[in-house]
Amino acid sequence: MGTCMTVLQLLTGLGLTIVGMPVTLLLVFLATFLLQRKLSEVSISRLVQIAVNISLASAVLCAVLMLWRGIAQHPIELGDWVITPYYHLKFEFVLDVLSLSYVLLTLLLCTVIAGFSTRYLHRESGYGRFFVLYAVFLLGMVTAALSDTVETLFAGWELVGLASVLLIAFFHSRPSPPRNGLRVWIIYRTCDVALLLAAILMHEVNGAGDFDHLVGGEAWPDHEDVAVGPHFAVLGVLFVIAAAGKSALLPFSSWLPRAMEGPTPSSAIFYGALSVHLGVFLLLRISPVLDSAPWLSAIVVVLGLASACFAYLAGRVQTDIKSALAFASLTQVGIIIAEIGFGLRYLALLHLLGHACLRTLQFLRAPSMLHDHHQLENAIGTRPRDEELPWEQKLPAPAQLRLYRFALERGYLDALLEKLVAQPVLAMFNTFNRWEQRWALWLDDEQAPPPSKPDELAIVSAMRKQP
Amino acid sequence: MMPSFLLTSLLALPFAGVLGCLLLHEAWSLRISLGTLALFLFGSVAAMLWLPVAAVDVASMFVLDTLAAPLLPVFALVHLLSHLGTAKTVTSSGYCIRSLLAAGLSALALCCHDEYVLLALLVLTVMLPLWELRERGRSSRTFVVYMSVFCLLLGASLLSGLAERTPLGVGLLLLALMVRGGVFPAHSWMPVLFTSATYGTSLLFVLPLMEILVIVRVLITTIPTWMLDIAGVLCLVSAVYCGGLALVQTQVSRFFAFLCLSQTSLVMFAVMLHTANGVTAALCLWMSAALGLTGLAFSIRALESRFGAMSLSEYHGHYEQVPGLAVLFLITGLACVGFPGTVGFVPMELLFSGSYEKGLWVSGTLALAAMLNGIAILRAYFSLFTGKRQQTSISLSVTGRERAGIVLITLMVFGAAWLTPSVVDSRHRTAEELLGLQPTLHAAR
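Line order of the protein sequences matches chains A and B. Residues 1 to 467, numbered by our numbering, are exactly what the first sequence covers, in order. Residues 1001 to 1445, numbered by our numbering, are exactly what the second sequence covers, in order.
These aren't lab readings, by the way, just hints derived from the structure by calculation. Note that CB positions come from ideal geometry on N, CA and C, so glycine has one too. Keep in mind that the hints are not guaranteed to be accurate.
To be verified - With beta-carbon atoms standing in for the labels, derived distance ranges: (1) Cys-4/A - Gly-1400/B: 27 to 35 Å; (2) Val-64/A - Asp-1229/B: 27 to 35 Å; (3) Asp-80/A - Ala-1027/B: 34 to 42 Å; (4) Ile-321/A - Arg-1136/B: 55 to 63 Å; (5) Asn-206/A - Arg-1141/B: 33 to 41 Å; (6) Gln-9/A - Gly-1400/B: 29 to 37 Å; (7) Ala-379/A - Thr-1250/B: 22 to 30 Å; (8) Gly-1359/B - Ala-72/A: 48 to 56 Å; (9) Ser-1148/B - Pro-85/A: 41 to 49 Å; (10) Leu-426/A - Val-1407/B: 31 to 39 Å; (11) Trp-1418/B - Gly-115/A: 26 to 34 Å.
Unchecked claim - Cβ-to-Cβ under 7 Å is the rule here; a few derived chain A residues that face chain B: (12) Leu-34; (13) Tyr-86; (14) Ala-169; (15) Phe-170; (16) Phe-171; (17) Glu-204; (18) Tyr-412; (19) Leu-413; (20) Leu-417; (21) Ala-440; (22) Trp-442; (23) Asp-444.
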């Protein structure tokens, strides 16, 4: 009994260490910002490696302990953060097959990427900024992976989204990266509304945001029968929308190639391996809700297969390696989603783990692709054969052309979203804005003041303060 | 006796500062006002921690109760940060006096338990932006028109039997407060004010959210529910409408004004929910929104004092020159929209949760407003700090005063998030007292 308690306490401590190390890393970065100290590249690299390796070691120990003692799941409660008679906010983590698999994958890939990035970004002006965002991303991923309440998941989810967007805009001296970052942010925020509403609904249905209240207390993937009601249908749909946004499923797929603006290590880890699988993880976590409604499972299957087909077609015509890999990644994500819809949980999890590792390797080798190609040619003594077009050539010529255009334009998704959603919304608010300005001018009888020149005196004053 | 004296001294402190500014040479005004506001902040924190809440009153009119005690340091901080963020070149003696007067009047209003005095203080605060607009030679017609409507409605409310709490009296007062709070469709004065007056004066007029103070002190237990429901819908519309307008602005000042309107509408909506959960959310959101918006204004002002008024329709790329301000802009902007880990997270969660009893569509609309604000903030961030490589021959990095402000705001945005459980707990008790679900401590004593 005593030994069992010790093991459980040890698991709690190790679980908290997994989350605690990224928090500590961020606190160190925050302190250096507040104290106006600039860390050297070597210090940043060491700090990051230490934090990630300790987290990884803790996760491995957790897995070993749980396997050894046959513990299927272990909740880690951080207590009730906010508790009123009407509202209950709880941060809680859980160690089980799903969470530990995903967190081990995250930490393993993050360790690799940290090592890769220290060399890849050497003497880059945004070296420190990259690792701050990396730490935010790591914290978000670990929090989301271990979450046992919807609030904890939401917190991690948002951190991952923000870090991803700021990393897309990493090379911010050009207008294109921030522009693409903003586009991705818009899609993320839109889909986050669904997750937020799902969180609210969960509170109302269960009186708390705990996943075990929703799907029962048994260890994943086992679950008790879920009582089906209209709320559950809405809840399931909201979760699917949130997952579709994060995993770039249809109709939100247009953000994935845009995300390739960021540096290669971030593309590899975020859009090739981890971030893009977060939606898959969410669907795996709430899979009992899908089981309770066959029509919802059917929607998930159709969504997954449609996304996979679309990504396959779009990926065939890409001319740059990162975009081609992004669509290849989406093809696999679509298939994994379909597997979840079919109820093949373990297969989906294994597929996710294998795919993430393979894709990280491919992304990291992407900058050296020409070199690899030359090596391959030297090894086989000839040029590799061009890939054949297995079935496209059998189509009639006009259909081939249409298909090619469809793939080249990435399914016209960008244009459709822009034309059907973005433009009408912006046009509406621009019209309101014009009315507002006219009303103000009529009322005030004064033109708005032109943008003033920089206050030179203020600049001088600022200069005087410099050492 | 001693606590009453201390409270009197604290409330009189900003006015003593005004006296100092008037009597001493203009060159001393900035130091006096900064010193007074710093002392005021220190005194407010001390009062919150050590003075026995609800046992301290001044002439049975000004009471440090559970509502006022935690808000007083927040107000003091907002005033101090607003002053710290103002460039030395624009801090005239008049500006310092206005800041101190704003601090004094808002502190008095916060502690005031006499509704007539509270309403009089509300009217007095209107004079400060008007004074500045006149001093700067800017047209004040829009502001005057809207504030006249506010005063007229206030007067009509008093004449229509506010004292007896007749439906007409309380309805007119609610209308007056919505005009002053800039709730749709009576919001047009705020972008004009932010464009014409300085950020400091505009912010100190808007952010204390005096209208919410009057609603919770005077109206909340007596007003018919249907009136609150209608006002709630208008606040909801206002939050989404102004969030959308913040998204399409090309002037930074108008972007900030609409963002401010959207955020304050969310706080007002939470009050209109008229439930313990809603009012708790409002009281928490009041503090987090004030802090977040002050920080955002701080970074914008510091930026504009270096580069002049900027357009959001192009990229400026100032990150490399002022990384500290870029980081501050981002974290305070995200705190405003309730980003996890910041001071705004739990209040927004409380608001979403509290809104559910009105229907999922209400929660959805609130989420839409938060989404629009979030997009508007990141759009402004990218426009101001990225997209270009800017180089200057002189260093434009932050000054010592700005550095102090950045450190203070950052610590509050992240540090206060850890205090959330105790703050929510105390705000919940206060909300129940205000709604009459619990006897007030003051009445009990």
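Any hints from earlier that this structure breaks? Give me their numbers in increasing order, please. Of the numbered hints, 1, 2, 3, 5, 6, 7, 8, 15, 16, 18, 19, 20 and 22 do not hold.
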